[in-house]
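As a plain string of letters, each chain reads:
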Amino acid sequence: MSANAVPMSQWPSDHRYTIPVAGDQDMVTVTIDDKVVQVPRGQLLIAAAQEHGTYIPRFCWHERMKPVGMCRMCLVEVEGMRGLQISCATPVVDGMVVRTESAPVKAAQDGVLEMLLINHPLDCPVCDRGGECPLQDQTLAFGPGESRYVEEKRHFAKPIPISDLVMLDRERCIQCGRCTRFAAEIAGDALIDFGGRGGHTEVITYPDEPFSSYFSGNTVQICPVGALTAKPYRFRARPWDLDSVETSCQACAVGCRGALDSTSNRLVRLLGVDSEPVNHGWLCDKGRYGYEWVHSEARVRAPGLRRGMELEVTSWPQALDAAAAALRRVRDEHGPGAIGVLGGARGTNEDAYAWARFAKGVLRTDNVDAQLADGLPADVVLGMPRATIADLDRARAIVLLGPDLKEELPVLALRVRRAAVDLGVPLIDVAARDHGLTSSAAHVIRHAPGVVQEAVDQVASIIDGITGDGPVVVVLGRPSVAEPAAATIHAASQLAKSHGARFLSALRRGNVHGALDLGLAPGFLPGRVSLDAGRDHLSATWGGTPDATGFDATGILRAAANGTIKALVLVGCDLLTDFPDRALAREALSAVERVVCVGAFPDDSAERADVFLPTGVWGEQAGTTTNLEGRVSVLRRKITPEGRTMEGWRIAAELAARLGSDWDLETVEEVQDEIAQAAPAFAGVDAALLRRARDGVVLPLADHLDEVTFVPATPGAGVSWEPLRPAADEVGNGEVAAPPAPAVALHTWSMEAPAPAAAPRDSYALRVIAARTLYGNDRVTSESPSLARLATSDARLLVSARDRDRIGVEDGTVVRVTSPRASVELPIHVDRSTPEGFAFLATNRDGAGASDLIDLDAPVTDVRVETLS
Amino acid sequence: MAAQETRVVTKFLRERTDDSWTFDAARTHNKAYSALEKAMGMEPAALIDEVTKSGLRGRGGAGFGTGQKWSFLPKDVFPRYLAVNADEGEPATFKDHMLIEKDPHQIVEGSIITSYAIQAHHAFIYLRGEFALGADRLQAAVDDAYANGFLGKNILGSGYDLDLIVHRGAGCYIAGDETGLLSSLEGERAMPRIKPPFPAVQGLYAAPTIVNNVETMSTVPHIVREGGEWYAGMGVNKSTGTRIFSVSGNVERPGNYEIELGVTFRELIDDLAGGVSGGKKLGFFIPGGASSPWLRAEHLDEPLDMDRAAELGTMLGSGAIMVFDETIDPVLVAWRIAKFFAHESCGKCTPCREGSGWLEKVLYRMANGLGRPDDLDLLMGFGNTISPGVTWPPGMTTICQLGPSTMSPTLSLNKYWGEEIRARLAKDADRRTTLQVASA
Amino acid sequence: MGRLSGFRVTLAQVFKPKVTEHYPKEKRPKPERFHGRHVLNRYEDGMEKCIGCELCAGVCPAKCIYVRGADNPPDAPVSPGERYGFVYEINYLRCIHCDLCVEACPTEAITESKLFEFSFTNREDAIYTRDELLVDDEGRARRQPWELWHGGEDDRTSAWMRATAPSGSAEFEGRVSWSGELGFGVRLGEKGQSEESSP
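Residue numbers (our numbering), protein chains in the order written: chain S, 1 to 869; chain Z, 1 to 440; chain G, 1 to 199.
Excised from the complex, chain S in its bound form:
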């Protein structure tokens, strides 16, 4: 290369190759097979035809991806154009006359299918796709009856694993490029591509890198043949064995819609459903394969009662009686304030409501918190101006002010990436270290943990430079549990005040938003109303409410540790794993007199339980869940639970009955109706509405009424490789009565958040960033055998290469890490994402680690690292 030549780094980088994929608002008239239809100008012909009932066969085209024109299956005749045109890359223009069933088109379809099949092994009987295979179906519908090909077919070793979850059968592959395009265009992990040429074209991975994407399972779903198969589902069932319901995933708070399949009362598969406002048909691998934990052997399937040292299996009446008696005694002797209720962010909305009613209406304690000091204050989450996920697409700018979305809310990361990369929304990345979306960001702002003022000023000036009429959407979460949320909240309040920013919560736990909305937070009552504002309204249904505002999770544990709180009810949470300050959790558990555990697993905290009440879990329980934008969607029951578990809300109702309060709730629908009536934010969201709303409803309904869709599934869909259409139970007519206004004014956030005092940097110490990774020691991962393989369970200290060299050790050396709170020994590893002066610790790891080092009172967590010698 000449010295004068331009270095490649200075070449124009914007090489986005665009093909018109979406129509504008003008409608044009098109004739498709003698049918005159009105379609938006510029819409792709294949999509326009499908919307008007003409299915054009296709393999490579996927409506969420750019057309590529590889398979040549969608050839149609367009009057006035020479030869046949691929309808997947032909935008409609006014007056177009299209024929999809003429003789040349049929000949082409027949010919293309014959070509596709000459090298296809036709091992349908052993193929997972057999029975729901687009190649089978389309060959039957459009293909030749027999082949003229008599030579030997192409052969490859098969199947080969291309990642820990996905197997590739190159003989079956028809080279449509759906998987490679998904990886590059949608997921941004271009780890698979084509190799070879001609008939020997094959999908390959890089020699030294497996296809280890968090989204690899989507490629299996969109594969039009059985070339990509998922290890967890391989040979578990044939398609005709499966029975399916549509439900929402609860692995994180995005609430992706999925079709949950079971056979012989075992969950075997979750497929993404193309829900326009939420997940566009994509799922992360954790959600997709996380159903396995439901069948874990470790689950508790019968109630247990402590007799001596052991939890003994007992009957429900005995267990419930014991739990109720324990709680009654503590309440009567020490007052309602001596009881704390923690957790509830993993169940259904109905569970959350029932526990809130039980705690606040029956026990009358306000020491209730669904978050375990790892989120944001309920005051902010419940009262902040909200954005929806769809707002990302039309935002003026997106500001990331929270955790690594790819690790915590993977499908939200896909939506943010789409907005930034495909739709050109400026993405402003404010974080302490690089993460999964950094490469998509237009502006990258780095700051030290707990010090964000400077960064916020920069963000403000960047936004000022961006014109546009959309809202500024801030994805707000807890970037690190090693420091309090105060700094982040202060930043958020400034952006809200200066730019009218709207917020998308990035809290992670499956139904944490439902739990907060339904009153599992101190100072709040169901329906996003504060205790004082909603007291009268709720008392009318409940017969009473707590007298005073209680403690949050940290406060509850402190009170338990110092003896003020005598009994803890743990609803689906493991304090020793989930709470960021393990020492405090341990102290509280040992000090408290009575522990009632409600959950699915015999976790560490349950060792301390006096009564264990096993609940049903996702897939076994009907109900609703609320995602991070406040969307309430329906969860369906797919399998009959094994053993003797009980739905969460029913346990609360039974306990309430034993404490003298009969709720008269028999079905989930009755609970939903009571929520709609009692919880102000849920006004109008009753069982009848939920059944009809296709993508769920965003709270409060009055503000989002026009976004609710009642349209039934469109024809031509229903096979898994196409985007699955959300199905409605009943065909609605799109009309819904205006919901009653909330009976009580909903809580709003005052946006008054004082700036935390800046913590001085200690130049000898590393400042800790502690956050979750997607796979860790959480139950969904560790109890799902397929996912457990992917998790690194050991804790590691990740530092920059410079810091590692300064300490003077090799990668993997165990070092002593000392914070003001404790000292632990951890292996040290170099991490390119972590800047100098910081250290990253994943929180969801076994053994000593982040939660031993973190002191919740300290403004930041600084650690010193010493070599062991």
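Please keep in mind that the hints were generated in silico from the structure rather than gathered at the bench.
The C-beta atom is built at its ideal place from N, Cα and C for all residues, glycine as well.
One should not assume that every hint holds.
Among chain G residues calculated to face chain S with C-beta under 7 angstroms, some are [claimed, not checked]:
| id | residue |
| --- | --- |
| 1 | 17 |
| 2 | 43 |
| 3 | 45 |
| 4 | 54 |
| 5 | 83 |
| 6 | 106 |
Position chains Z and G against the provided structure of chain S, taking the given hints into account.
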């Protein structure tokens, strides 16, 4: 009178065989960059007019009007790019090879003029990876041009900036397709892209891009120097000027011959290339590279005219004329060409990816005495999927021309030897049956 | 005569040959296409033919077959290929011996013997699992205590019968694969890249 070469592009390199590629020789003896000096004094639009006036048509294969192509660039959309297609991969074509190795300055000069005409500030020469010597000489020429102020900032004091980058490909036939070339240049797999958008609208890095052949670029300086009308005065009909033809196969003197278009095939093959070798009779010849359908002795008196070739159901393509004498089995030739296409199909479109391999397998057994009686009809049958109608100019079901090109040999077999081949296949089948009976 | 006239039919029968059979001591040979109790076959090398594809279960009108496939253990494969029949059960309380499973089977793994005399004293016995259905090492059906086998009933199980050829044209009846046998157009299969690169 025997036909003569009309040397325009090849004049200098033929005359100075020892050092035609050096800057000094080219500058001193070939007035290299003098056309550039002239062009810098002209308006870009005037340059495009001049080239349009010359009637110059792309020398890469499609024969599209060069000036016309340049004028298709959308107005006021910048940046724009020029990509010079030096990925000469068509079997039996070796004209660009010669131009690159022997007269790189001519290409560089043409590329600079073209870039100026289309107002591009980055130009790329996508060079076939196998051209090792060519890469060295071309790079040296580019470096010399930079050193002497013909490239870089403020070229010849005109205020016009241009960077020219020589990019070596990795050995892929389909990178010679214009969109395949652009993909490869962007660092992707060389696979053609769907059109529209055409490269002139969204090409390299989604910016308007002109892709021109090396020979076209080499011709541009001469047109600028001598004027479009001078160039248009040569040639015949709409095929103006001169063209280099690579004659190979069973001829006495294979090689590159630059002739005025309009000369007949007979003059080219008999007079210039010395006729069919060994005094044998001509069997058939391929007029425009492996992609083009074939011609036979009865077409020898047809002129080398792009439009006339289209009327004959073939094309002058890349200008590679392969001559086969009467002893050559056309089926064997067809198989060998099919094997090339099967190997080079990029794998993007189904009909080409799968069809080219199938074609090769069937032609293999046909050529080796293992054919079945209906094999030719089978080829024509599934060939319909690759190129509906199996005619020329071809119907397309694929993105690029490679798909239908794979059918050219079969098309020719069926057209000229259809009955003969069917009879031969029937005989082959009979013979095998007899053998089986005998052995049983 | 008068008195004997009433015995005319009886007397006439006395001299005719007897047609009564001493069942079960003697048995009539079964028709060629008789449908009896199933067997699961093996290849000559002992590999099971069943690949667990569940086509038999899918086609069964009585829904009496339950099959589940599993990944073949690579070091000790049960059947050729990726998948084998991990669970195979036929509930004979429901089976109507229609033989559709036999027709559906792509590998001739399931066929029907001529045995029809088996009765159960409990429902458990009526569900035949892979252990009972699979032929033994000699390729013979495993005889259960409650089955009354007679000689030859396990010799000829129902054949694999197809109404038409796989390609849909009756012209090719019986030609399961027509690539190799015809003797022309045959070359060695081209190797895949992985085969070339792997040792």
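Here is what the structure says about each hint:
1. 17: 52 angstroms, violated
2. 43: At 16 angstroms from the nearest chain S Cβ, residue 43 (chain G) fails the 7 angstroms test, so the hint is violated.
3. 45: Violated. Min distance 19 angstroms.
4. 54: At about 4 angstroms, which falls below the 7 angstroms cut-off, the nearest Cβ of chain S leaves the hint on residue 54 (chain G) intact, so it holds.
5. 83: Residue 83 (chain G) check passes; min Cβ-Cβ to chain S is 4 angstroms, inside 7 angstroms.
6. 106: 5 angstroms, holds
Violated hints for the displayed structure, listed by number in ascending order: 1, 2, 3.
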